[in-house]
Amino acid sequence: MRSRRVDIECGLCSVRDSSLFGGLCSESREEINRNKSCTVYKKNQVVFHEGTRPLGVFCINSGKIKIYKTGAEGKDQIIQILKAGDIMGYRAMLSEDQYPVSAETLEEATLCFIPKSDFLHVLREDSNFTQTIIKSMSRDLGSMADSLTSLAQKPVRERLAGALLMLKETYGADDQSNGTAEINLTREDLANIVGTATETLIRLLHDFKEDKLIETQGRKIKVLEDQKLIRIANLY
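Per this note's numbering, the sequence shown starts with residue -3, numbered consecutively.
Calculated directly from the structure, the hints in this document are not laboratory data. Heads up, some of the hints might be wrong.
Below 27 Å or equal to it, Euclidean Cα-Cα: the simulated BS3-like pairs (lysine-lysine) are [said to hold, decoys possible]: (1) Lys38 / Lys112; (2) Lys216 / Lys205; (3) Lys79 / Lys112; (4) Lys218 / Lys150.
Between the sequences and the hints, there should be enough to build the whole structure, so can you do that?
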């Protein structure tokens, strides 16, 4: 079996407060809870493909998802790594368009699916939720513009430093022990985030390790010097 159904109560969800659904009124939350379905996806399982039409939205209960586009030559460009509490698919659904990207699990992940009709009904009835979605879409547009600027103008070394800082924050949400998050990605996936060849990425990671900016153990990367990476990424 590639996936299996599970039961998760919205009111008891461990990531409710970090989700866009966290501010729902009790009536709206109960409607979502009644009609959603929750599924455990295996590692490297595609959730949806670019070019297909959304039938609802997904809320990530656990695990991490890569959002990517496939180029004309078949090479993937990873746009974003999503974590528990994030939702995906709502922009394409609201615009009544096809998915402009694909989504695939990086590890075992539990996703809750909310049908389009229920999501839209809550959006109409709960004004606070409507404002939350609008703000989220605005932030996403800003992040997309920054990413496009970075890929177009910044050298690969700067892009890698910025990507490592972003990924440290993403993976740090799972590490409450000592604040030293380990980024757990294949070199190919990391290269697809940065927008460079895998060989170039490996060489730059070696340089960063020699400069004691990071530690590596297998595919895992630990950021040691945030401030130095911030300067390299020109984020100050």
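Here's how the hints hold up against the structure:
no.	hint	verdict
1	Lys38 / Lys112	holds, 24 Å
2	Lys216 / Lys205	holds, 12 Å
3	Lys79 / Lys112	holds, 22 Å
4	Lys218 / Lys150	holds, 23 Å
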